[in-house]
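Asker: Each chain, letter by letter, is given below.
There are 2 protein chains.
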Amino acid sequence: MTDSLAVRAFGALAQDTRLAVYRRLVEAGPAGLSAGAIAEALDVPAPTLSFHLAQLRGAGLITQRRDSRSLIYAVDVALMNTLIGFLSDRCCGGQPDLCLPTPKSASDARSRRKAV
Amino acid sequence: MTDSLAVRAFGALAQDTRLAVYRRLVEAGPAGLSAGAIAEALDVPAPTLSFHLAQLRGAGLITQRRDSRSLIYAVDVALMNTLIGFLSDRCCGGQPDLCLPTPKSASDARSRRKAV
DNA sequence: CCGATATTTTGATATATCTGGAAATATGAA
DNA sequence: TTCATATTTCCAGATATATCAAAATATCGG
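Protein chains in written order, with our numbering: chain A, 43 to 158; chain B, 43 to 158.
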């Protein structure tokens, strides 16, 4: 994960419609959703949605496959996890205990960083 | 964490200089870094850096405090962790095992989601 | 093939963001 | 005070992004 890939990914998520699309796809998982299903769910005109799907795809956040006339989009789980790791990479230098999600679950941040 | 707060945060990270600044601050931890130190480290003109620091701060990603003539900026660890949780929230609906960072550390994604 | 459906590409306009010089503000030292 | 340092705010031009109507492309059923 280079800085410029991360900038692109964050940029793709930095827009209301795209973030909504992405979150739907995260929830849908590998099965994904058709462009039409997303357009209907979010009430977005087809060209606008298509533009945003292309942005997300260009950033590598989602994948595309065809199923008959429909194009199915699905989240790229690996990149999602890479991005998460990138955000907290080397957090707090020598004192990783300062970076915990909650005081309670100390192992989370630690293993998250390792996974990058 | 609302969608529009997340859009703002991702937007703040979606720029080369800002992402570089943010990552330096993540590494620096609560101690933070002065505007001057960041400007020198990244070789960015003061007005440009100031603009980007204001963006990051407006998004809630970093905090500001004064130390004599210097302004010290530091990462907001809580928001960092909230963002991380937001990214993977409800991932893969009913089958959270599909969302793991690596096949090995199954507990990571699970507790990360709980922490949101 | 032909018509219907699903989706993308084109293109023009509107809006937002990035950049850095010059000027302004804040703090501390002499 | 007065001067030097640290940093921000103002501004204007340059660049990038968002929107969606209209036209083009892809796939399927008959």
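In short, the hints are calculated from the structure, not lab data.
Mixed in with the good hints, there may be bad ones.
[Said to hold, decoys possible] Covered by chain A, per the in silico footprint, the following chain B stretches (three or more residues, Cβ under 8 Å):
(1) 59–73
(2) 100–114
(3) 118–125
[Said to hold, decoys possible] Label pairs and their calculated CB-CB ranges:
(4) B:Glu82 - A:Glu82: 25 to 35 Å
(5) B:Leu47 - A:Asp109: 44 to 54 Å
(6) B:Leu140 - A:Glu82: 46 to 56 Å
(7) A:Arg132 - B:Leu47: 20 to 30 Å
(8) A:Ser46 - B:Gly78: 25 to 35 Å
(9) B:Ser92 - A:Gly102: 47 to 57 Å
(10) A:Ser46 - B:Arg99: 19 to 29 Å
(11) B:Ala88 - A:Glu69: 20 to 30 Å
(12) A:Asp45 - B:Ala96: 39 to 49 Å
(13) B:Leu113 - A:Gly136: 17 to 27 Å
(14) B:Ser92 - A:Glu69: 32 to 42 Å
Cβ coordinates follow ideal geometry from the N, Cα and C atoms, glycine included.
Asker: If a hint holds in the structure, say so; if it doesn't, say that too.
Answerer: Tested hints:
1. Under a criterion of three residues with beta carbons nearer than 8 Å to beta carbons of chain A, the stated coverage of the stretch 59–73 of chain B is upheld, 8 such residues being counted.
2. Residue count for the stretch 100–114 of chain B with a Cβ under 8 Å from a Cβ of chain A: 0. That is fewer than the three needed, and the coverage hint is violated.
3. Requiring three or more residues with a Cβ within less than 8 Å of a Cβ of chain A, the coverage given for the stretch 118–125 of chain B holds, as 4 such residues are present.
4. As the Cβ distance of glutamate 82 of chain B to glutamate 82 of chain A is approximately 52 Å, the hint placing it in 25 to 35 Å is violated.
5. At about 35 Å, the beta-carbon gap between leucine 47 of chain B and aspartate 109 of chain A misses the expected band of 44 to 54 Å.
6. Evaluation of the 46 to 56 Å hint for leucine 140 of chain B and glutamate 82 of chain A yields a failure: the beta carbon distance comes to about 25 Å.
7. A hinted range of 20 to 30 Å holds for the C-beta pair arginine 132 of chain A and leucine 47 of chain B, which are about 25 Å apart.
8. Between serine 46 of chain A and glycine 78 of chain B the C-beta distance comes to about 26 Å, which sits within the given range of 25 to 35 Å.
9. Against the hinted window of 47 to 57 Å, the Cβ-Cβ separation of serine 92 of chain B and glycine 102 of chain A comes to about 32 Å, which falls outside the hint.
10. A C-beta distance of roughly 23 Å is found between serine 46 of chain A and arginine 99 of chain B, which places it inside the suggested range of 19 to 29 Å.
11. Hint check: alanine 88 of chain B to glutamate 69 of chain A, Cβ distance near 44 Å, so the stated range 20 to 30 Å is violated.
12. As the Cβ distance of aspartate 45 of chain A to alanine 96 of chain B is approximately 21 Å, the hint placing it in 39 to 49 Å is violated.
13. Between leucine 113 of chain B and glycine 136 of chain A the Cβ separation comes to about 24 Å, which falls inside the hinted range of 17 to 27 Å.
14. A beta carbon spacing of about 39 Å between serine 92 of chain B and glutamate 69 of chain A agrees with the range 32 to 42 Å that was offered as a hint.
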